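Colleague: Position chain B against the provided structure of chain A, taking the given hints into account.
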Amino acid sequence: MTQTLSPIIADKWQLWTVILVLGAGTFLLRFSFLGLIGDRTLPPLVQRLLRYTPVAVIPGLVAPAVLWPAATAGATDPARLAAACATVLAGVLSRNVLLGILTGAAVLYLTPVLIG
Amino acid sequence: MTAPPPSPTPSLLRAALLRGVFVSLPFLIIVVPFGVVFGVAAAAAGMGLIETMGFSVIVIAGAAQFAALQLIQDGAPLFIVILTALAVNLRLAMYSAALTPHLGATPPTVRACLAYCLMDQSFVASMVEYQRRPASPPAEKAAFFFGVALPLCPFWYVATWLGVTFGKAIPPEYALDFAVPICFLATVAPMLRGRANLAAAAVSVGVTLALWWMPYSSGLLVAGVAAMMTGAAVETLTEKRKVA
Chain A
1 MTQTLSPIIA DKWQLWTVIL VLGAGTFLLR FSFLGLIGDR TLPPLVQRLL
51 RYTPVAVIPG LVAPAVLWPA ATAGATDPAR LAAACATVLA GVLSRNVLLG
101 ILTGAAVLYL TPVLIG
Chain B
1 MTAPPPSPTP SLLRAALLRG VFVSLPFLII VVPFGVVFGV AAAAAGMGLI
51 ETMGFSVIVI AGAAQFAALQ LIQDGAPLFI VILTALAVNL RLAMYSAALT
101 PHLGATPPTV RACLAYCLMD QSFVASMVEY QRRPASPPAE KAAFFFGVAL
151 PLCPFWYVAT WLGVTFGKAI PPEYALDFAV PICFLATVAP MLRGRANLAA
201 AAVSVGVTLA LWWMPYSSGL LVAGVAAMMT GAAVETLTEK RKVA
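Here the protein sequences come in this chain order: A and B.
Here the UniProt record's numbering is used: the first residue of the first sequence is 1, the next is one more, and so on.
Here the UniProt record's numbering is used: the first residue of the second sequence is 1, the next is one more, and so on.
Bound-form chain A, shown alone:
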């Protein structure tokens, strides 16, 4: 890929800002109750909202990359789309993360061979 570097990777200062701020913020989230707030339970509504963070953020994060990949300049790619569908299907049916990854990778590499 003769892709141009994304601006944050090209600028070391920005990249290290991401690493350090994200690292500090993540540590504070982990340390929050253990170290700072102590033995107090979260309100049930907050617990309920937090429980959905992975399912609420990750599908949206991935959707544009599946439909309009940057590597093909935004054109929908049948191999990537098929691989994404296969990953979800395998993951939902097997409840096994590794099996999902392997299925997705297999479909990603086999689709161009099959449809030429």
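Hints should not be assumed to be uniformly reliable.
A few chain B positions that, by computed beta-carbon distances, are all more than 12 angstroms from chain A [claimed, not checked]:
hint, residue
1, L12
2, V21
3, V128
4, P137
5, F155
6, W161
Coverage of chain A stretches by chain B, computed from C-beta distances (three or more under 8 angstroms per stretch; other residues unrestricted) [what the hints assert, rightly or not]:
hint, stretch
7, 14 to 22
8, 61 to 68
9, 77 to 85
Treat the hints as calculated values from the structure; they're not laboratory data.
Keep in mind that this is a model prediction, so the values were computed, not measured.
Glycine is no exception: its CB is placed at the ideal position from the N, C-alpha and C atoms.
Modeller: What follows is chain B alone, placed relative to chain A:
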């Protein structure tokens, strides 16, 4: 806090530590490939070895690292990258709250080390252990927790390093940019059970795509909040229906 609990003997602590190590070994099957893929994907995006290792050692949170990498590749600005990756990590605060009744009585430096090692695997394994042995003293519970983290953390670093080192040798036609979406989808797919999770995922995808015109991928944050509220609302409705 009440009176300090009796300090357990070293052999008891060692046993708890070993128990943790033993429980964590199956997790390596998922942690190692994930670390390798992160290293490969980061190298494919043009990131150097030191920076990629910086992510895995300083942030040490797979999903957030992948989220940051995806948004960096999308060309999103600094604050969106950081905010979104932190949003992915919000669950860690929930884990921290759930562990405090068990580990809150350990010394502050120990708690800081525990916090650094807090991840999905160490949380889940420890909660199972603490339910099984609720009366163990905090030091023993902490020893088990460190036992779980002991293999996972170094293997995460080494796997990342392997990914960067060998990823450079993989030619570009292998579509490595797509390693990140596949890993993410594989992580989320097993969670897509029940109406509330499905509704949250659907809103997440729908709103992000509908708001893709918004600058700097900021529509994703709106979609994330909307999807969290959807999941919680559907769960509440489902509960009410059961009661009625």
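Colleague: With a C-beta cutoff of 8 angstroms, work out whether three or more residues of the stretch 61 to 68 of chain A approach chain B closely enough for the coverage to hold.
Modeller: holds (count 7)
Colleague: Minimum Cβ separation between B:V128 and chain A greater than 12 angstroms?
Modeller: holds, 18 angstroms
Colleague: Taking 8 angstroms as the C-beta cutoff, is the stated coverage of the stretch 77 to 85 of chain A by chain B satisfied by three or more residues?
Modeller: holds (count 4)
Colleague: Would you assess whether B:F155, listed as outside the interface, keeps its beta-carbon beyond 12 angstroms of every beta-carbon in chain A?
Modeller: holds, 15 angstroms
Colleague: Checking a non-interface call: every C-beta of chain A should be farther than 12 angstroms from the C-beta of B:V21. Is that right?
Modeller: holds, 21 angstroms
Colleague: Using Cβ atoms and 12 angstroms as the threshold, tell me whether B:L12 really stays out of contact range of chain A.
Modeller: B:L12 clear of chain A: closest Cβ-Cβ about 22 angstroms, beyond 12 angstroms.
Colleague: Can we confirm that no CB of chain A comes within 12 angstroms of the CB of B:P137?
Modeller: Holds: least Cβ distance 16 angstroms, greater than 12 angstroms.
Colleague: Taking 12 angstroms as the cut and beta carbons as the points, is B:W161 off the interface with chain A?
Modeller: It holds; B:W161 is separated from chain A by about 16 angstroms at its closest Cβ, greater than 12 angstroms.
Colleague: Can the stretch 14 to 22 of chain A be counted as covered by chain B under the rule of three residues or more with Cβ-Cβ separation shorter than 8 angstroms?
Modeller: holds (count 9)
Taken one by one, the earlier hints all hold for this structure without exception.
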